[in-house]
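Student: Protein sequences appear in the order of chains W and X.
Residue 73 in my numbering is what sits at position 73 of the first sequence, and the numbering runs on without skipping anything.
Residue 356 in my numbering is what sits at position 356 of the second sequence, and the numbering runs on without skipping anything.
The hints are simulated quantities; they were obtained by calculation from the structure and are not laboratory data.
Virtual Cβ for every residue (Gly too), placed ideally from N, Cα, C.
Mixed in with the good hints there might be a few duds.
[Stated by the list, open to error] What follows is a set of in silico ranges between Cβ atoms, one per label pair, in the way DEER data are often shown:
#1 X:L178 x W:A62: 49 to 59 Å
#2 W:D505 x X:H348: 24 to 34 Å
#3 W:G325 x X:D440: 37 to 47 Å
#4 W:P8 x X:R415: 22 to 32 Å
#5 W:G325 x X:Q197: 28 to 38 Å
#6 W:A489 x X:L228: 20 to 30 Å
#7 W:A508 x X:T382: 33 to 43 Å
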Amino acid sequence: MARRAKEPTGAMALLQDELPALRRAAQGSVVAGLLWLPQAWIAAQALAALLAGRAPGPLALALFLALAALRVILSHRAERGAQDAALAAVGRLRARLLTRESLLARPLPAGQAASLVQDQAEVLRPYAARYLQASARLRAIPAAILAASFWIAWAPGLILLVAGPAIPLFMALIGQAAGRASRRQLDQMGTMGGMLADRAAALPDVRLMGAGQRLVAEFTASADELRRRTMRVLTIAFMSSGVLELFAALGVAMMAVFCGFSLLGQLGFGTWPAAWGNGPLDPAHALFLLLIAPEFFQPLRDFAAAWHDRAAAESLAAVVAERQGQAARMAGQGGPARALPGRAVRLRGVTRHGIRYPDLDLSAGASVALVGPSGAGKTTLLRMIAGLEQPDAGLIEVAGRPLRPAIADAWRAGLGWMAQAPHFLDASLRENLLMGRAGDPAPALSAALADGVVANLSEGLDTRLGENGAGVSGGEARRLMLARVLIRAPGLILADEPTADLDADTAAQITQALLAAHAAGAGLVVATHDPALAVRMGQRLRIGGLDA
Amino acid sequence: MSDLRIVWRAMTGGVRGGMGLAMAASALVLVAGWSLLALSGWFIAATALAGLAATGAWFDIFRPAAAVRGLAILRTATRYAERWLGHDATLRGIVALRGGVLSGLAAADWPRLTRLRRGTALNRVGADCDALDGLPLRLVLPGTGAGAALAFAFALLWALLGWQLALWICGTHLGVALALALWAAPQARRLSVAGAQAARAHAAAALELINSRDELAVAGLLPGRRELALAHDARARACARALDGIERDLGAMQELARAASAAGALGLGAQAVAAGSIGPALAAMGFFAALALAELTAPLRRGIAEYGRIADAALRVAPMLREGPPSVPARPAPPSPLPLRIDGHALHPGGMLVLKGPSGAGKSTLLGQVAGVVPPAGRRITLGGIAVRDWPEPALREQVALVLQRPALIAGSLRDNLALAVPDAGEAAMMAALRAVRLDHLRDGLDLVLGPGGEGLSGGERRRLALARALLRRPALLLLDEPTEGLDEPTADAVMAGLRAALPQAGIVMATHRRATSGCKAAVLDISQEGITAGG
């Protein structure tokens, strides 16, 4: 088919590597399905013999059981192939999404990213495990049963032919609506995760305000909204499967009624003239028809279920494509590297998000304060110097070379990075300070005037602090972050508002510790509003403001 | 097992009617589907016999034919009802459960609460509650439905075919299903628990990877930590794969049991016909009945595969649900928490206590003790003459406000954040509170939208918004932990003056290590590890 030559698109593209295995599984499942025809034929013969007063022989029963066993083995193997491939596809998608997201200049908010990687990616699994199999069975099995029915008599074939094609038509109509509804539900799932994380973080304050019940009520209202959306999706899904069910049940019922009337001899139509074929219906053929009729509809029902998996997977594919379209990456991989020998920074004509940044020449060991109003882009400039974000235009030169992705990791290996908000990993304080290095954190702690902080913690360096430093004060967290920077003995320290939100004493301590590192040879780039800190820097670079 | 019962009660508390209807519908749909095929089989066999015997004219064909059509329609209608009712009742249950668990988290003890990590809360409430939708959908509804339908089938087959055939047909299905359940459930549970744990670890690691991305990239740890997160996922998928395998084996065994049951029914039926105890048409019906019974026990496969996940989630969720509201002492609360006495040091309306001392001396702990969230640990603290632990929680929260050193804000507008404190506060009251803390200059005013955790405000602004939030509640006793940290001297003084002006009669306790607290007359307490002394 011409269609197969084309590159798979949408959700199918997410399964590219697994397609051969999935196709094999689909073939196995088709053969297993077709084996029902001989099995049913044997059963029908045996039953007809019983009606004629002859007991069915042990050979027929044994053959019936042997075919059943063969069917079970085949479908078991097909299922295994499909399910294993589906899991592999989900794993690959997760790795791809997480890699991609963690290397973007601006990743999604963490809660949403985690939900995308963990929960939303999971919808690929039922799709991969079922859709191809179901569509292969849909193409082969109903046609085979239809042919067998027509071979026996034309009316049973007609019954199936009338009941059958209504189903795909109906499904195409329903499928589109289901796709839209399913997309809405995915969006809601993401915001739900974000909202839950946000509200859970605020629980202590909420408790102190006696607002626990209100928070729960608010959250319940939003969970209820999710329920309503989900029910909207499910109502469509149930309705379409209800229609399939109706056609299937009526198809079987009509088949039974037709066979019954024919056998009684009360119907003069529906069978082929004896000259052409089977002639009037006999009990064996009637029983055979009754046994195979449900299996005509089963692939349609399976396909309908898989069709909804497909709708969900297509929604996912759209989200994946959207994230894939985010072109702005950080430079490099964020991996370990040997530090570049130089520490100088040169900026020439750098622009980002429409902001034109002033040029800068910072020689090794020099210091500069980035000043300017909030939102002017001080943090963005720091991130660009660290290669965490790349300029839209212009040149950033570090250690005498353009800051290209290839050298970004090595450049960062010589940097100290102090973000405005402290972030602690879910690990001991020691691991949080060392960040993968070996050594003793004590000298850096005392250089950051933070040895007292650790002494006050009951578990010392083994303490696990909250993600944002819960367990110590803001000033203490800042000093710990500074110790994390100083442990690396960086050639250049990039600090974002290191003294913001601190009382005068603590701010003075941080300033003192930074200047001590500077005096020992480290370059300093500090984004700050704090005039006391800015005045201690070798130069001041105004970002934004009047001359922008 | 009792965990599951606790969860079930929490889920069905308000929706028993819906769940009961769903149970009835799930039994009915199985009965209708099974009867349709069994009746059809008998019908064709009977008509064939009548045709062969040329007694067709006397055979009543219309009633069975009508019953066949009726069952077909009944089956469709009940299927739709079963699905809709079952899912609706389940989702309502999940909503109730989410709310219950969040209240449980909110009622957790203070140290745990303050260290609550985002990842854990997200995993707990989100994933556990989602897993528990399987309790009704995968276990209870299919179980009760299949049980009822199987009993119906057994009774009917006994009446028509005799107990031997009924026992064979129902017994093979039921027996194999029970044996498989006993064989598979423990393994499935083990795999589910391990898999769920790995999936949680994966989600937490992914969350952390993105949250700390910049730090990790500079430290050169980004690929390593990402591999770690993906290794958790690989572990989770290995468990899922093994679980899939068990599920497939179950399905294969059940399919074999179905074939054996049908073949046996045919053989036994033929013997019974030969013995003359039943007619051939009923024997044919036995064959069809045995085939059709597989529909009843088919959901077992999914149920077993998910049982572990469900039981594991219930294990964690149930204890949270067990935490009732805090016990309320019978004694009525006094009208005011003032005077406040801490080990003999008193604070009266309009007065102010300043707690001083080095970091780690216990200033924050003392504030927590006064607010009644930290056990007093030997300290004598009374509010309005009553020990703090004897205060009913709601009265305490109404009268006493504690603003933490790192207050948490929520994503949403300033208005949303203030409404968290007082939902029905008017625009004017909100603006007045913002003015008192010098936060009325922000662009967009109350409509300024903050990101998660208050993103978009500086630390000092966040703290002032939290002060405004406390102010809005007009507490009689205001406890402040480093309220002016991060503020320059003039702003700090203005904020303190604004607080006092807004609440002239409130008692204020403030922990600070600022040297000067100009503008207010205050008693100073020096806090050290040894104890509390009046300072100067």
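Student: Evaluate each hint against the coordinates.
Tutor: Comparing the hints with the structure gives:
| no. | hint | result |
| --- | --- | --- |
| 1 | X:L178 x W:A62: 49 to 59 Å | 27 Å, violated |
| 2 | W:D505 x X:H348: 24 to 34 Å | 31 Å, holds |
| 3 | W:G325 x X:D440: 37 to 47 Å | 41 Å, holds |
| 4 | W:P8 x X:R415: 22 to 32 Å | 48 Å, violated |
| 5 | W:G325 x X:Q197: 28 to 38 Å | 34 Å, holds |
| 6 | W:A489 x X:L228: 20 to 30 Å | 26 Å, holds |
| 7 | W:A508 x X:T382: 33 to 43 Å | 39 Å, holds |
The structure fails hints 1, 4 (numbered hints given earlier, in ascending order).
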